[in-house]
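S.K.: As a plain string of letters, each chain reads:
Protein chains: 4
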Amino acid sequence: MNKQNRLSFASDYMEGAHPMILNRLIETNMVKSAGYGLDEFSESARARIRAACRAPEADIFFLTGGTQTNAVMIDAMLRSYQGVMAAESGHISIHEAGAIEFGGHKVLALPHTEGKISAAEIDRCIQAYWQDENHDHMVNPGMVYLSQPTEYGTLYSLEELKKISEVCRRSHILLYLDGARLAYALACPENDVTLADIASLCDAFYIGGTKCGALFGEAVVVPVHDSIPHLFSIIKQHGALLAKGRIAGIQFDTLFTDGLYEKIGRTAIEEADRIRKALEEKGYAFAFRSPTNQIFVRFEKKQAEELSEKIEMSFWENIGETHTVMRIATSWAACPEDTDALIACL
Amino acid sequence: MNKQNRLSFASDYMEGAHPMILNRLIETNMVKSAGYGLDEFSESARARIRAACRAPEADIFFLTGGTQTNAVMIDAMLRSYQGVMAAESGHISIHEAGAIEFGGHKVLALPHTEGKISAAEIDRCIQAYWQDENHDHMVNPGMVYLSQPTEYGTLYSLEELKKISEVCRRSHILLYLDGARLAYALACPENDVTLADIASLCDAFYIGGTKCGALFGEAVVVPVHDSIPHLFSIIKQHGALLAKGRIAGIQFDTLFTDGLYEKIGRTAIEEADRIRKALEEKGYAFAFRSPTNQIFVRFEKKQAEELSEKIEMSFWENIGETHTVMRIATSWAACPEDTDALIACL
Amino acid sequence: MNKQNRLSFASDYMEGAHPMILNRLIETNMVKSAGYGLDEFSESARARIRAACRAPEADIFFLTGGTQTNAVMIDAMLRSYQGVMAAESGHISIHEAGAIEFGGHKVLALPHTEGKISAAEIDRCIQAYWQDENHDHMVNPGMVYLSQPTEYGTLYSLEELKKISEVCRRSHILLYLDGARLAYALACPENDVTLADIASLCDAFYIGGTKCGALFGEAVVVPVHDSIPHLFSIIKQHGALLAKGRIAGIQFDTLFTDGLYEKIGRTAIEEADRIRKALEEKGYAFAFRSPTNQIFVRFEKKQAEELSEKIEMSFWENIGETHTVMRIATSWAACPEDTDALIACL
Amino acid sequence: MNKQNRLSFASDYMEGAHPMILNRLIETNMVKSAGYGLDEFSESARARIRAACRAPEADIFFLTGGTQTNAVMIDAMLRSYQGVMAAESGHISIHEAGAIEFGGHKVLALPHTEGKISAAEIDRCIQAYWQDENHDHMVNPGMVYLSQPTEYGTLYSLEELKKISEVCRRSHILLYLDGARLAYALACPENDVTLADIASLCDAFYIGGTKCGALFGEAVVVPVHDSIPHLFSIIKQHGALLAKGRIAGIQFDTLFTDGLYEKIGRTAIEEADRIRKALEEKGYAFAFRSPTNQIFVRFEKKQAEELSEKIEMSFWENIGETHTVMRIATSWAACPEDTDALIACL
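Line by line, the protein sequences are chains A, B, C and D.
Residues 17 to 362, numbered by my numbering, are exactly what the first sequence covers, in order.
Residues 17 to 362, numbered by my numbering, are exactly what the second sequence covers, in order.
Residues 17 to 362, numbered by my numbering, are exactly what the third sequence covers, in order.
Residues 17 to 362, numbered by my numbering, are exactly what the fourth sequence covers, in order.
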């Protein structure tokens, strides 16, 4: 079929897993170990992640997907009457089928700039709540949700993150970071935010596996031990506790051996950079500038349709009647030949 | 360490996966495919499961764990004001950390006999609701939750299941079956209930992978197409939708190739039978009779402690001050040498 | 205290109840009657409301407040995976402390014009959902929430309401109308929407008592009998079922005797009209034009502060640094002398 | 109709309100006051209740019904992963249509003796949780729900209540008391528990108005100020905040003027005592002994049917095929002539 022969730049979770992960799964397959993440592989993974985050006391849990992790953590971090501030373009605002509301919480949508929200905007939301005479009739802003990179592939700078963290701490608001594609941030030359920075600035965050070379899995990091009591039970209650927790543990143990996680996104960034350069040279317009593994290109509709015959991209949004934005994504498994072929099509 | 050299009969999810599953994961690793279960592997798995269940129109979804699957399906099958009938010993009644209540539903606990509830008991609960003058102030019984095998390793006969299904259909009550360990039922000589029987008698059920040779995964089967509308979104909303759905699809595709799923539990049953025979010969008492891969033995406390030095079993419950019930479980990966060693310890 | 001598135009629920309601409560006080709305007074009120709405088959329930009624009805009308479309200025969007999200549903905020949403905007939201490739990952729009009058005191015309109803029915979307201040709409000369119109165009709505002369109480009307099954239990489950349902029943029976409900708002409208005219003559600017019992006036901040010494108004919003919008509200209990005094202060 | 001429002993919420309450409503009717319980009447009621409870710092809120109050307070007092211990005969266990589960919490049903649970039973439940190896997979017991009087009309003694409170405080478990019929306990000669005792032993409780002479209303008392933060918003979020809060405030202000609340149940107890004595003399059997305003009598079915022609009682439960338990309830509005007539029928 023609469709199957298309070059695939649809997303970063189209393949299986990094070969080293498969190897570890094979090697350890017949070892018997405890369930529910109490096994030695998960313990080892935790130790490595704590070291990478310079958070020696951190509580670490392994979950299976991004929406699940966001829903569990937001529920765990908020009281029943609180809501979560997030960019109106954020994943939890739009693409989680109401998972946050299912847990009883409102997403307080903030305006964004290229997917990012600012410390000033967060502060304004908090002040607006407290200054409103009727705030007791409104949803109390209890935490901030960010993602790094954002839905638009953009990055918070360390400076921006520090300011956000400062606003949050000053107002006793918790800060949570969704790192579904964190490996692509860490591998990006523009990025100046380390895992240790995130661990010191956030109250909780997750390190994405599913989109960064694992079969599945997200590692939740709570830097201050027991700052979220009974999190194990909360995870269980949300149906998010893996019986064979080792399968996630083994994957993260591998990803955090010899700094694999910090390297695994490099190829994706390099290939994305080549595509960005080619697009620029050929005069294509970007919907917005993103330095990571996602590229948002503005096409005339017809042009988009023609290219889609050869290249699988993701539809992003229409701009009026005539134009459309498509997303080109590279992955940890990107190969230069595909990039060459894509560039040749442009 | 001594503890690690113990013979492990603690549970059936202590190892990784059946080797054929790992092989398929390796073979397919670099194939690119669509996300969220829309890939060709998941489609193939669905076709095989439909055939095995003789349910050609069935909707099939792959989730990651048992508690998750129960919570999603119960939420999907009930209206907000309804509750689910289940054995008071059922998994959802006790060991899911309130996952069903998190979704807003009461578990209506029914008395059980060796883990099983009867058609008569279900009928009595339904009648009691409707005959109570104040039933509008009570939780409406909307569905029945069973597991096959039960928490106690026992089996519903086809006759029993038919009667339960009949009561449910007569009363417009939905019937759902938790098949976390279904492979061990299917492999049990005593069992007379096939996948096709379950598909014809239940409104939804799941075929367990996690405890039956997969790395993880449960296959939800809804025999009548679209009888649960928007189930995809409900799964997503519960954080239960795998981005790389193919990982679950590949595993079930393998489990349902050449009837593997119906065979995979055989060793477990054979080894359990040998252990049962040895226990009987040596005069041990069973807490209750279970024909599948779980054996519940009554020990004097001291005896249990001594055996636990050599054999890892699961604590089940205390009986008074002096006795205790321990669970011995075999798995799809059981090896006869371990059984021999266990028997030698008795 | 000075504050207590201020003229009160803060809201329409500052007094007790219409004297005829108190009289009926006194007359009936020692009659014994059934609980939970099964009494003869509630039955009589239902019959009168059915007649007024020309909805002879309607199911009618009496609840105690607006947020409660909205939360119960939205929960009752939506499936778990659905959300409710509403003006971003709507009461459920902002001022119900997350009650809708507590029930698990997202409020899908639509842009509004002076508090009103249009059929076109609703249609656009529905189409956007269905046309999005990823709509299964998004919240399904299941119903529309309107209020008449709106939060801004404006009115939907019959023509507008018909168009909205048509869009909803074409798309199998339910339509619900919040009539917290419905008496003030019915009493407004500009209004061309009757109770019977609402009953024929909406799937459910409520007739407000609390702000329209009752001690408390809202009458939910579901025009098609049993179109929301088990609503009694859903009301009970939300803690919204009055034990002494008669207290609400007696009030609505009174309000619907001799057309009282359709007359009770007249004084409020007349006095509001006098205030509007005076404001206009004295050159005050309106934040937006509202023909009912709420008037939104734009003041310089200092001016607002000075007036607030003498007149109790509600703060609405700031406009930049220098201006502020205040709400002046009249009620069913308005007296012309207070209006005179207010006008004298302007 | 015959049915309407029956003597009514069906319940204690069959009439309107105590005349003094109606008088106060009339006197205050045209006074304008702030909404949402911020009015002077509610403030005065709070002061009187604080004095009666000897809890000068208590936070006090007025809600509209028992199920609502239980659901709000249990939600407010528990974290998401926790459940509430209650008698399996408790109101929240059976007769609230799943309101507690709607809020996400499991009711952990404890065995009871005549409606009462013991400190020992509570302790056993807490210990069983913590001693279970798998307690992280179970619902954490976070609070205890009692009612005084119980569903069976029985009373906790001060000694019993102290023991329960001690177990709770030792285990960091919150104690909540449902006082729907508290006036009947306070008026009972056998009772040795005062409002001040309850305030000193419980973390929260409510003083029932609906069944004790008010049109409606329950007064929540949280003895330690701000020990449940944001309770106002939680009440609003549950749709339990009255706009005209004054209507509840005026009623409780009246009930707590000149000790009315502590006296209002006396007639009910006196008449119930006369009925109990007559039943005993005529050889009727009690299903269980209750000293308050509810009497549970065991009848032969035929006898019950015959009596029901003349006396309206509540059906309680069947005992086997031949017998039935009926409830006879007296109220604050009981009149001796009705009692005489009832006794004559026996």
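Read the hints as simulated data drawn from the structure, not as lab findings.
Some hints could be false.
[Claimed, not checked] From the derived model, a few chain C residues whose C-beta atoms are all more than 10 Å from chain A:
#, residue
1, Gly51
2, Glu117
3, Gly120
4, His121
5, Val123
6, Ala136
7, His153
8, Arg185
9, Asp289
10, Arg290
11, Arg305
12, Val341
13, Asp356
[Said to hold, decoys possible] Listed next, the stretches of chain D that the computed footprint assigns to chain C, with coverage defined by at least 3 CB atoms under 8 Å from CB atoms of chain C:
#, region
14, 40 to 47
15, 71 to 82
16, 179 to 189
17, 205 to 217
18, 225 to 232
[What the hints assert, rightly or not] Okay, derived cross-link-like pairs now, SDA-like style, lysine to any residue, Cα gap no bigger than 20 Å in a straight line:
#, chain 1, residue 1, chain 2, residue 2
19, B, Lys317, D, Asp148
20, C, Lys318, A, Asp148
21, C, Lys317, A, Ala135
22, A, Lys317, C, Glu149
23, A, Lys326, B, Val47
24, D, Lys293, D, Asp354
25, A, Lys179, A, Ala135
26, C, Lys317, A, Ala144
27, C, Lys326, D, Ala50
28, D, Lys317, B, Ala144
29, B, Lys317, D, Ala50
30, C, Lys317, A, Lys317
31, B, Lys318, D, Gln147
32, A, Lys326, B, Ala50
33, C, Lys326, D, Val47
34, C, Lys318, A, Glu149
35, B, Lys317, D, Ala144
Just so you know, even glycine gets a beta-carbon here, dropped at the ideal spot from N, CA and C.
S.K.: Now tell me, hint by hint, if it's right for this structure.
M.R.: These are the hints, each one checked on the structure:
Distance check on Gly51(C): its Cβ is at least 30 Å (rounded) from any Cβ of chain A, clearing the 10 Å threshold; non-interface status holds. With a least beta-carbon separation of about 4 Å from chain A, Glu117(C) fails to lie farther than 10 Å from that chain, contradicting its non-interface assignment. The beta carbon of Gly120(C) sits about 5 Å from the closest Cβ of chain A, which is not more than 10 Å, so the claim that it is off the interface is violated. Distance check on His121(C): its Cβ comes as close as 6 Å (rounded) to a Cβ of chain A, failing to clear the 10 Å threshold; non-interface status is violated.
In this structure Val123(C) is not separated from chain A by more than 10 Å, as the shortest Cβ-Cβ distance comes to only about 8 Å. The claim that Ala136(C) lies off the interface holds: its Cβ sits roughly 17 Å from the closest Cβ of chain A, which is beyond the 10 Å cut-off. A Cβ of chain A approaches the Cβ of His153(C) within 10 Å, the least distance being about 5 Å, so the stated non-interface status is violated. Distance check for Arg185(C) against chain A: the nearest CB is about 24 Å away, which clears 10 Å, and the non-interface claim stands.
Separation of Asp289(C) from chain A is adequate, the least Cβ-Cβ distance of about 27 Å exceeding the 10 Å criterion. Against chain A, the non-interface label of Arg290(C) holds: every CB pair exceeds 10 Å, the least being about 27 Å. For Arg305(C), the non-interface assignment is confirmed: its Cβ lies about 24 Å from the closest Cβ of chain A, beyond the 10 Å cut-off. Against chain A, the non-interface label of Val341(C) holds: every CB pair exceeds 10 Å, the least being about 13 Å.
Its beta-carbon lying about 28 Å from the closest one in chain A, Asp356(C) satisfies the requirement of being farther than 10 Å from that chain. Counting residues of the region 40 to 47 of chain D whose CB lies closer than 8 Å to any CB of chain C gives 6, which reaches the minimum of 3, so the coverage claim holds. With a cut-off of 8 Å between beta carbons, the region 71 to 82 of chain D has 3 residues touching chain C; three or more are needed, and the interface restraint holds. Coverage of the region 179 to 189 of chain D by chain C is violated in this model, with 0 residues showing a Cβ closer than 8 Å to a Cβ of that chain against a need of three.
With 0 residues carrying a beta carbon less than 8 Å from a beta carbon of chain C, the region 205 to 217 of chain D misses the three-residue requirement, and the given coverage is violated. Check on the region 225 to 232 of chain D: 4 of its residues sit with their Cβ under 8 Å from a Cβ of chain C, so the three-residue criterion for coverage holds. A threshold of 20 Å between alpha carbons decides the hint, and for Lys317(B) with Asp148(D) the separation of about 16 Å falls inside it, so the pair holds. Distance check on the hinted pair: Lys318(C) and Asp148(A) sit about 19 Å apart at the alpha-carbon level, within 20 Å; holds.
Distance hint between Lys317(C) and Ala135(A) is unfulfilled; the C-alpha atoms sit about 28 Å from each other, more than 20 Å. The hinted pair formed by Lys317(A) and Glu149(C) meets the criterion: a straight-line CA distance of about 16 Å does not exceed 20 Å. Between Lys326(A) and Val47(B), the direct Cα distance comes to roughly 17 Å. Compliance with the 20 Å bound is thereby established for this hinted pair. Taken as a hint, the Lys293(D) and Asp354(D) pair is honoured in the structure, with Cα atoms around 15 Å apart against an allowance of 20 Å.
Proximity of Lys179(A) to Ala135(A) is assessed by CA-CA distance (about 6 Å); at most 20 Å being required, the pair is judged to hold. Our distance criterion of 20 Å between C-alpha atoms is met by Lys317(C) and Ala144(A), whose separation comes to about 18 Å. For a cut-off of 20 Å, the pair hint linking Lys326(C) to Ala50(D) stands: about 16 Å separates their Cα positions. For the suggested pair Lys317(D) and Ala144(B), the alpha carbons sit about 18 Å apart, so the restraint of at most 20 Å is met.
A threshold of 20 Å between alpha carbons decides the hint, and for Lys317(B) with Ala50(D) the separation of about 67 Å lies outside it, so the pair is violated. Of the pairs offered as hints, the one joining Lys317(C) and Lys317(A) is violated, with about 50 Å between alpha carbons and a cut-off of 20 Å exceeded. Of the pairs offered as hints, the one joining Lys318(B) and Gln147(D) holds, with about 19 Å between alpha carbons and a cut-off of 20 Å not exceeded. This hinted pair checks out: Lys326(A) and Ala50(B) have alpha carbons roughly 16 Å apart, not beyond 20 Å.
A threshold of 20 Å between alpha carbons decides the hint, and for Lys326(C) with Val47(D) the separation of about 18 Å falls inside it, so the pair holds. Note on Lys318(C) and Glu149(A): the hinted pairing holds, with a Cα-Cα distance of about 18 Å set against a maximum of 20 Å. This hinted pair checks out: Lys317(B) and Ala144(D) have alpha carbons roughly 18 Å apart, not beyond 20 Å.
Consistency with the previously given hints fails for numbers 2, 3, 4, 5, 7, 16, 17, 21, 29, 30, ordered from lowest to highest.
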